[in-house]
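S.K.: Which chain is which? The protein sequence lines are D and W, in order. For what it's worth, this note's numbering labels the leading residue of the first sequence as 5, then goes sequentially. For what it's worth, this note's numbering labels the leading residue of the second sequence as 5, then goes sequentially.
Calculated from the structure, these hints are not laboratory results. Treat the numbers as computed from the prediction; the structure is a model and nothing was measured. Be aware that one or more of the hints could be misleading.
Each pair may be met inside one copy or between any two copies, as identical chains are not told apart.
[Unchecked claim] When the alpha-carbon atoms are kept at most 20 Å apart in a straight line, the in silico DMTMM-like pairs for lysine to aspartate or glutamate are as follows:
no.	residue 1	residue 2
1	Lys74	Glu118
2	Lys158	Glu182
3	Lys129	Glu118
4	Lys287	Asp265
5	Lys217	Glu239
6	Lys217	Asp111
So you can see what is in the structure, the chains are spelled out below.
2 protein chains.
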Amino acid sequence: MAKELVFGHQNPDTDAICAAISYAYLQKQLGYEAEAVALGEPNEETKYVLDHFNQEAPRVITRASAEVEKVMLVDHNEPQQSVSDIADVQVTHVVDHHRINNFNTSDPIFYRAEPLGCCSTVIWKLYHENQVAIPAKIAGLMLSSIISDTLLFKSPTTTQTDRDAVKDLAEIANVDYEAYGLDMLKAGTDLSSKSEQELIDMDAKTFELSGKKVRVAQVNTVDLDSVLARQANFETVINAENSAEDYDLFVLLITNILNSDSEAIVIGSETGLAAFEKAFAKKIVNNRVLLPGVVSRKKQIVPQLTEAY
Amino acid sequence: MAKELVFGHQNPDTDAICAAISYAYLQKQLGYEAEAVALGEPNEETKYVLDHFNQEAPRVITRASAEVEKVMLVDHNEPQQSVSDIADVQVTHVVDHHRINNFNTSDPIFYRAEPLGCCSTVIWKLYHENQVAIPAKIAGLMLSSIISDTLLFKSPTTTQTDRDAVKDLAEIANVDYEAYGLDMLKAGTDLSSKSEQELIDMDAKTFELSGKKVRVAQVNTVDLDSVLARQANFETVINAENSAEDYDLFVLLITNILNSDSEAIVIGSETGLAAFEKAFAKKIVNNRVLLPGVVSRKKQIVPQLTEAY
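The following block holds chain D by itself, in its conformation from the complex (with noise of 0.2 Å):
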C-alpha cells in the first residue's frame, strides 16, 4: 500500500498538528502506510504542547503531489484551507469537525465529521470504534487540541462529548487537564515578541462566502488592551493583505481568553463592512467591534457572515 499524507489546515493550530500525529498513528494501526505533515510550522500554544509530550514537530510541506498520490485531511476539508496542490491528489479520508464547503470528489471516499468541539475528539470516537490502544503521548496531544479548540470547555462549541473525551484521556496521559490546559493556553498568548503581520497570519482561515474571499483570523490573549494598542499597525497590515490577496472582508477577532470576551478589528469593502454589521446587527466604529461572549469562528463568525453575504 503506497504512503499517504496526513495533514491539518494552513496555520495549524493545536489541532491541526495532533489530529494529523493521532489519525496517522490510528491508520498505521489499522493497516495503512500514514505520515503525520503539517502546512506550516507549529504556533507558540502548539510548541508547548510537543514540548511538554516529547513529540517531534511534523514535517512541514508546501507540496504533496510531488511526493504522493493521495492524502488525509484532518480538522479542514475546504481546498483554500489545504495544501496549494489539493486539486492534483486524492483526498482518501476526511475527519473534520467544520462546515463542508467546495469539497468535491470524484470517487466515493470515507468522511467522518460530527458537530464535536474538536476534530480530535471524532479522532479519540474513532480509536474506540475500532479498539486500538491509546498510547500515553498520543492521549496528551488529543486532550491539548481540545483544551485548545474549547478554550478549556468555555467555548459554546463544546459538547458532552468534548469533556467525556478530555477526562478518558487524561487518566491515559496521566496530566491534572485543568492546571495543565491553563499553562497551555497562557503560552500561546505571548504576543509581543510577533509582528502585526505575523499576528494576522498565525491562526487564519479563507472563506468562500457567495464567491467572495473572506479572511478571519483569530489571536488569544490575557492582555487585551496591549494588543489593541498595536491596532494602527494591525489596519496597515491588514488593507496591504486585503489588496494583495483581494479579501472582501478581513476580520481580526482578539480573544481574552480569561473572560471569553472579543474585541474585532474589521476592515474591508463597504459590501464586507455592511455584511458584517448585518451578521452582528452591530456598527464597527473606528474598524472597532465588541463582541462579548464571542470565541469561536466556527460557531459564532461564519455561519453568521455566510448568511448575511
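Place chain W on chain D using the hints.
M.R.: Same frame as chain D, now just chain W:
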C-alpha cells in the same frame, strides 16, 4: 426536539427507501424525532422487499420545507439528486457511500460516508457503534438493500464489510439470504409492464460534470435481448428527455444480473459522446456500446466520465 425528515435520493431504489427507514429508526433510539419518507414510489424490487418484511412504504414527499426545518439525508448528498427544496432546509446528518459533490453547508454537521457497497452497510455499523439492537424487520430491510446495491456481491463495489453485514443481518432476520436475494433481484427485473419512459426514470441520477448535466439511468434484467428489442422507443424518449432537461449526455445502462455484463444506450451532444468514448475507450455504434463486467454506475461509470469531461 423538532421533527426531522429522513430520506434517500430521487427515483428511490431499495437502498434509498430502506436506508431511510433503518436510519430513522436508529435516530429515534438515539433521541431524535425522525420520520422516514421517500422522494418517489418504491420500484418493483423494493415493493417485493417491503411486502416480504411486512413494512409499509414510506410516505412520498416532493417538498420538505413546508413541514420541517431540518432533514437527514441517506444514500446521497448531491443537491440535484435530493428533494426539490433542499436549499430551503438545514441538513443535519448525512449517511452515504457516494462521492461528495456540490454539497455545501454553513454549519458543522454529522457526515458519515464510507466507500462501501451500500449505505445500509454504513448504517449497520452505526447500529453496532451505538449499541442499538437491530429489530428483525429492520435487519431484513438492510440486508435487502445490500443485496440490491451489490447485486448479491457481484458488483465490484462489494467489500468484505458488506458481506459481513449481510451474514450478521441474515441471522437476525432469519433469512436464507442467497435464495431470498435472487428472488428479490428477479422481482425487480420484470420490465415488460413498464413503458420506456418509466424505465429510463426508474433508477436514474443526474451528475454535474464540468458544468454539464449528465444523466445515467440503469435497469437490471435477466433477459437482455427483450430489453434491447425496445431500443428505438428508448431512443425516442431519451432524445425528448435530453432536449427538455438540457442533458449533455444520457447513458442507459442495461445490466444482465446473471452474467454481470451491461449494454449501454448512449445519446448526447457531440462532445458528450466523445467524452463517453474517451472514458471507456470504445466506439459507440448505432447508439450502443457493450460494457462487459460493468454493473456499477458509481464505480464503473461516473468516475470515468468525470475524468473524461
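S.K.: Is it within a copy, between copies, both, or neither that the alpha carbon of Lys217 lies no farther than 20 Å from that of Asp111?
M.R.: For Lys217 and Asp111, the Cα distance is within 20 Å only across copies (18 Å; inside one copy 28 Å).
S.K.: Using 20 Å as the alpha carbon limit, work out where Lys217 and Glu239 are close: within a copy, between copies, both or neither.
M.R.: Close inside one copy (18 Å), not across copies (46 Å); limit 20 Å.
S.K.: I want to check one pair: Lys287 and Asp265. Are their C-alpha atoms no more than 20 Å apart within a copy, between two copies, both, or neither?
M.R.: Close inside one copy (17 Å), not across copies (65 Å); limit 20 Å.
S.K.: For the identical chains here, do Lys158 and Glu182 meet the 20 Å Cα criterion within one copy, between copies, both, or neither?
M.R.: The answer is within: 12 Å in one copy meets 20 Å, while 54 Å across copies does not.
S.K.: Within, between, both or neither: how does the pair Lys129, Glu118 come out at a Cα-Cα threshold of 20 Å?
M.R.: both (10 Å within a copy, 16 Å between copies)
S.K.: With identical chains treated as interchangeable, where does the CA-CA distance between Lys74 and Glu118 reach 20 Å or less: within a copy, between copies, both, or neither?
M.R.: between (23 Å within a copy, 16 Å between copies)
Comparing the model with each numbered hint stated earlier shows that all of them hold.
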